[in-house]
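Asks: In the order they appear, the protein sequences are chains D and H.
Just so we're aligned, residue 8 is where the first sequence starts under the numbering used here, counting upward by one.
Just so we're aligned, residue 83 is where the second sequence starts under the numbering used here, counting upward by one.
One or more of the hints may lead you astray.
To list a few chain D residues with every Cβ distance to chain H over 12 Å, as calculated [unchecked claim]:
1) Ala71
2) Ser72
3) Trp80
4) Leu92
5) Leu100
6) Phe173
7) Thr186
8) Gly254
9) Tyr300
10) Ala301
Derived, one-sided and incomplete: chain H residues facing chain D with beta-carbon distance under 7 Å [stated by the list, open to error]:
11) Val216
12) Val225
13) Leu228
14) Thr362
Everything labelled a hint here was simulated from the structure, so no lab data went into it.
Think of the CB as a built atom: it goes at the ideal place given N, C-alpha and C, for glycine as much as any other residue.
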Amino acid sequence: MALMAKSIKRKGIKGEGTWGYIFIAVSLVVFAMFTAYPVVSAFIISLQKYKPLGSTYVGLDNYASTLKDALFWKAMKNTLVYTVLTVPVNLILSMAIAVLILPLRKKTQSFFKGIYYLPVVASGVALSVVWLWIFDPLEGGILNQLIHFFGFQNQNWLGSSKTAMFSLVFMSWMSSHGTSIIIYLAGLLGIDDTYYEAAEMDGANFLQKLWYIVVPSLKPATLFLLVTGVIGSFQVFQNAYLMTGGGPNNSTTMVGLLIFNSAFTYFEFGKAAAQSLILAVIIAGVSVIQFKYAGKDVEY
Amino acid sequence: MSLYSNHAGNPKVKKIRNSVIFIVLLLFALATIFPIYFMVISALGDPVEAGAVSYSIFPSKVSFASFKFFFDYSEYSYRWLVNSLIVASTVTVSNVIFASMAGYAFSKLRFKGRGVLFGILLMSMMIPYQVTQVPLYILVVNVFDLQDTYSALIMPGLVTVYNIFLAKQFMSSIPNEIMESAKIEGCSQFTIYARIILPLSKTVLAVMAILTFMDSWNTFFWPLLVTNTMEMQTIQVGLKNFRFANTTYIAPMMAGATISALPMFILFFSLQRYFLEGVTVGAVKG
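Produce the entire structure from the sequences given, and follow the hints as far as they go.
Replies: Right, here's the structure in full:
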């Protein structure tokens, strides 16, 4: 009997290997063709002055010219400003909302989860069309009507370099919490009641429980959202492209848009590839720093 | 004993507290969905020019004239929707099939290089899409010459690493004993996958299907790059043309935006559980 089991097992393992490769074959081909090859290719293109019929090798010229380009650094700065203004605020807002949803009944909880998640489902293009209208520079624009009510002057929200960046930031504040609220809520529901019990014995009030139990317990979720939020923010393209086109005066040109323009407006593929690889290195660096400083006691 | 005091002795206090919380949440929720509400309401207004639009928050009368305007505006309006549907459906089906197969292999089958291959896949998820966009464009448009084809729209999305990861995470939790006994019964690996693993993974496959469909339906960037005739554009790209061609007609613009978002809203309200589950499957257990 034992012998039979052994032989069956061995036979199983032998077939397993082949089946394993069969099962991953398509995925592997797709990955090799549409991810692995492009990554290698990006590196090669970045060393060339790319032309469809015969490129010339230029070494590190594309990198050098990018690093000397004032617009690249401006785009980098814009991206950084956008990230610093949106990511932390969105995290705090969604944690606050998740904490507020917690004591409500199950049905009410899912009602709010649904509403807050709805903008995530809507297409970004559709939302940008609506926001363009909200930011309408004329007196009739909704935001202008609103600030009129409080006695402020008309603003050319997207058209003035003073307010364009703020407008994009404001749009992000108002619309991108759905995912993080749900992740935080799942984290909150996973906190063991015994922690609260122990804290109450020591006479902790609501705020103390929030600070000493909730915030540390949500640290893994926060780190996850922080890292993915920063990565996403560094790649922002669509809103800048659709809402302002990078203007006015490049005040909303993000790195993602700059790379897009290098490639598909000016057809400088080599330069675009170099810029994208610099971006990749920066993102990797920032992620490592976040893990190092925020993630000391987080296990993954 | 929880974060919030139960006010066991005084149910009235608890009721008042929860009502206050409810109102605060509702106000913020209204602000969050205001753009969507506004989009739908404006779409139901008359297709007049921007200057003449009254910015009423409540509709004085409902009219579908703006939707008609949208469909009459371009002979390709319907085609954009059909294109989106074809691309999103194909990508969804192929992801469910191929990602589940790969996920099964990576979680349950032993083969040489399994760990290394999976590690490479995981690492690739951290590469910003900007890195691959230029080579991918060159490959699909210049090398394969697939501009303006469904193949170009579909191929790069046939199976995504994220979905493989999702499937693997879920299938790892299926006990090995089930497969062992099936193996002793003489089932082939394919039978085990199709008859045992797939039925047990229904939830994660539904989550995957919905999120993939949503991503594909809403994607703007890739279709923008690889289409240059109106005929082959998806609804998201078509909407952009419409916007720049007709900036003064706000109501039809909103009608177009509503149409592009409507299928996702319908899916969301009928399958909300799967949407919300999808968020946590990747994040919390990841």
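Asks: State for each hint whether it applies.
Replies: Cross-check of the supplied hints:
Chain H leaves Ala71/D outside its interface by the beta-carbon criterion, the shortest separation being 19 Å against a cut-off of 12 Å. Once the 12 Å rule is applied to beta carbons, Ser72/D is consistent with being away from chain H; the minimum gap is 16 Å. With a least CB separation of 17 Å from chain H, Trp80/D remains clear of the 12 Å interface cut-off, as annotated. The beta carbon of Leu92/D is kept farther than 12 Å from every beta carbon of chain H, the shortest such distance being approximately 18 Å.
A Cβ of chain H approaches the Cβ of Leu100/D within 12 Å, the least distance being about 8 Å, so the stated non-interface status is violated. Its beta-carbon lying about 17 Å from the closest one in chain H, Phe173/D satisfies the requirement of being farther than 12 Å from that chain. Not every Cβ of chain H is farther than 12 Å from the Cβ of Thr186/D; the closest lies at roughly 5 Å, contradicting the non-interface assignment. For Gly254/D, the condition that its CB be more than 12 Å from all CB atoms of chain H holds, with the nearest at approximately 15 Å.
No Cβ of chain H approaches the Cβ of Tyr300/D within 12 Å, the least distance being about 18 Å, so the stated non-interface status holds. At roughly 16 Å, the least C-beta separation between Ala301/D and chain H is larger than 12 Å, which holds for a residue marked as non-interface. A distance limit of 7 Å between C-beta atoms decides the matter here; for Val216/H the minimum to chain D is near 5 Å, and the interface restraint holds. Taken as an interface hint, Val225/H does not check out: its beta carbon lies about 10 Å from the nearest beta carbon of chain D, beyond 7 Å.
For Leu228/H, the shortest C-beta to C-beta distance to chain D is roughly 12 Å, which exceeds 7 Å, and the interface hint is violated. This hint holds: Thr362/H has a C-beta 5 Å from the nearest C-beta of chain D, less than the 7 Å allowed.
Taken one by one, the earlier hints fail for this structure at numbers 5, 7, 12, 13, listed in ascending order.
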